[in-house]
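The primary structure of each chain is shown beneath.
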Amino acid sequence: MGQIVVGISDRKISRNPADTLITYSLGSCLGITVYDPVAQLGGMMHCMLPIAGADREKAKANPFMFVDTGMATFLQELFDLGVTRKNAVVKVCGGARVLDSKDLFRIGERNFIVFRKMMWKNGLMIAAQDVGGSSARTMFLEIASGIVSVKNGTKISELK
Amino acid sequence: MIPLNSTNINKPLKEIEKRIDSYPAMPAMCQHLIKSCEDPDVNFKKLVDEIRYDPGITANILKMANSAYYGSSRRIESLQTAMVRLGLKQISEIVIAHSVADRLVKKLQGYDLRPEELLKHSVWVAIAAEDLANVLHIKPPAMLFTAGLLHDLGKIILDDYILDQREALLKATGNNGEDKISFDIVEHQILGINHSEVGAQLLENWNFPEELVIAVRYHHAPTDPDIEYDPSAAMVHIADMLAYSVGIGIGVDGLQYVSNPEVIERLHLKPIILEGVASRTLEKMEELKSLLVG
Ligand SMILES: [Fe+2]
Ligand SMILES: [Fe+2]
Chain A
60 MGQIVVGISD RKISRNPADT LITYSLGSCL GITVYDPVAQ LGGMMHCMLP
110 IAGADREKAK ANPFMFVDTG MATFLQELFD LGVTRKNAVV KVCGGARVLD
160 SKDLFRIGER NFIVFRKMMW KNGLMIAAQD VGGSSARTMF LEIASGIVSV
210 KNGTKISELK
Chain B
606 MIPLNSTNIN KPLKEIEKRI DSYPAMPAMC QHLIKSCEDP DVNFKKLVDE
656 IRYDPGITAN ILKMANSAYY GSSRRIESLQ TAMVRLGLKQ ISEIVIAHSV
706 ADRLVKKLQG YDLRPEELLK HSVWVAIAAE DLANVLHIKP PAMLFTAGLL
756 HDLGKIILDD YILDQREALL KATGNNGEDK ISFDIVEHQI LGINHSEVGA
806 QLLENWNFPE ELVIAVRYHH APTDPDIEYD PSAAMVHIAD MLAYSVGIGI
856 GVDGLQYVSN PEVIERLHLK PIILEGVASR TLEKMEELKS LLVG
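Sequences listed follow chains A and B, in order.
The numbering of the first sequence is the numbering used here, which starts it at 60 and goes up by one.
The numbering of the second sequence is the numbering used here, which starts it at 606 and goes up by one.
Derived from the structure by calculation, the hints contain no laboratory data.
Every value quoted in this text rests on a predicted model; they were computed, and no experiment measured them.
There are no misleading hints in this set.
Below are the DSS-like pairs computed for lysine-lysine, each with C-alpha atoms no more than 30 Å apart in a straight line:
| id | chain 1 | residue 1 | chain 2 | residue 2 |
| --- | --- | --- | --- | --- |
| 1 | B | Lys-875 | A | Lys-119 |
| 2 | B | Lys-875 | A | Lys-161 |
| 3 | B | Lys-785 | A | Lys-210 |
| 4 | B | Lys-889 | A | Lys-119 |
| 5 | B | Lys-694 | B | Lys-640 |
| 6 | B | Lys-711 | A | Lys-210 |
| 7 | B | Lys-889 | A | Lys-71 |
| 8 | B | Lys-785 | A | Lys-219 |
| 9 | B | Lys-776 | A | Lys-214 |
| 10 | A | Lys-210 | B | Lys-712 |
| 11 | B | Lys-776 | A | Lys-210 |
| 12 | A | Lys-161 | B | Lys-889 |
| 13 | B | Lys-785 | A | Lys-214 |
| 14 | B | Lys-640 | B | Lys-651 |
| 15 | B | Lys-875 | A | Lys-180 |
| 16 | B | Lys-776 | A | Lys-219 |
| 17 | B | Lys-711 | A | Lys-214 |
| 18 | A | Lys-161 | B | Lys-785 |
| 19 | B | Lys-694 | A | Lys-117 |
| 20 | B | Lys-744 | A | Lys-117 |
| 21 | B | Lys-712 | A | Lys-214 |
| 22 | B | Lys-776 | A | Lys-161 |
| 23 | A | Lys-176 | A | Lys-145 |
| 24 | B | Lys-668 | A | Lys-117 |
| 25 | A | Lys-71 | B | Lys-711 |
| 26 | B | Lys-889 | B | Lys-711 |
| 27 | B | Lys-889 | A | Lys-210 |
The whole structure should be built from the sequences, with the hints applied where relevant.
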């Protein structure tokens with residue numbers, strides 16, 4: 060079985076049924092999976108910050124650091140590989156936050172707002188989500204089945 | 606609050622204190638370099654000669670001086686040139702970082718941190734704290750980078766006890782929601798000491814400077830009434846909260862740390878400032894980390 064780790068500000072795409080895509084340490088970052096059962100392929104992305112606005116240079120070098128440029132690039136790659144809007148199953152987790160009475164560290168919330176906007180722009184629906192709270196998450200996508208699971212704190216469960 | 610149960614508390618605390626006292630000190634050169642940085646009349650030539658006797662440290666300094674991370678353009682062959690080029694402050698940061706890296710690189714089972722995660726977290730906090738000072742146009746305190754690098758050192762000692770008491774710790778942090786208690790406070794409740802206090806105690810045992818000890822001890826409580834406002838503790842605190850936010854080095858403690866509202870107000874922090882720090886720090890952290898363990 061091939062475990063393919065998706066780092067922070069990165070994405071991986073696979074059509075090998077032996078692969079499981081994994082991303083660790085999701086805090087306020089978003090883990091986003093797209094699976095197409097007809098095209099039989101899936102991808103996973105790990106974005107750190109909501110918008111590239113402040114740092115266009117960074118976004119050019121690494122679009123997956125930001126949800127807006129990340130989603131645009133990731134979706135285009137998937138569509139080029141045969142994923143269709145009709146069949147794409149999109150799931151999302153992360154968006155947690157530290158205990159912050161000043162609302163300064165609301166990066167996760169901002170990430171999720173931008174994510175929803177990008178979904179809407181692309182005519183896509185969120186199939187399942189596990190966002191918010193203050194625990195660390197790990198996300199898994201099995202390419203063979205399209206099953207997505209999330210380890211939230213110490214518990215693992217399927218995201219559906 | 607959970608009452609301190611004497612039968613539960615005393616035993617691990619005594620054991621933890623024993624471990625702190627028997628934990629191997631950092632190489633003497635670290636201490637020597639810190640002192641030299643503070644000495645306006647330091648004999649640079651003599652220092653170069655002293656370092657030359659240690660081939661390991663010499664090799665590390667040359668490697669760093671020639672790396673893209675420190676902006677190298679042409680090849681530096683001699684220790685003397687490398688030291689002039691980097692300056693004493695960076696030399697001491699480099700030597701400390703190399704000395705502590707193999708301690709931070711190990712997997713921590715209790716905290717649920719994979720190998721290298723604590724090192725990444727520490728390097729992140731060191732870089733982000735300095736970057737934060739820069740964007741806020743605050744002159745970085747002299748030891749800020751090193752304070753960031755060493756702030757969670759205490760986790761190495763506490764790890765076994767976290768593993769033993771995991772259930773109790775998780776229970777004590779409370780349910781999801783606003784009533785959650787900061788993980789460092791829960792550590793103190795359950796184990797009688799938390800990772801900040803353990804780290805500070807280690808540095809004290811090694812005779813590291815007071816400002817470093819304070820920044821480490823108060824990185825989760827930078828406005829504690831026991832201290833005057835401490836810019837190092839404050840900036841390490843914010844850099845640390847940012848590391849947790851973006852998921853650098855989060856384990857069983859998750860994101861369960863409380864941000865300090867007074868520091869946030871005092872530094873006039875805004876989300877956009879922090880997002881800038883985060884985007885700049887990520888790549889630098891990977892680069893520096895691989896120089897340290899590669
Ligand atoms: Fe800490
Ligand atoms: Fe930390």
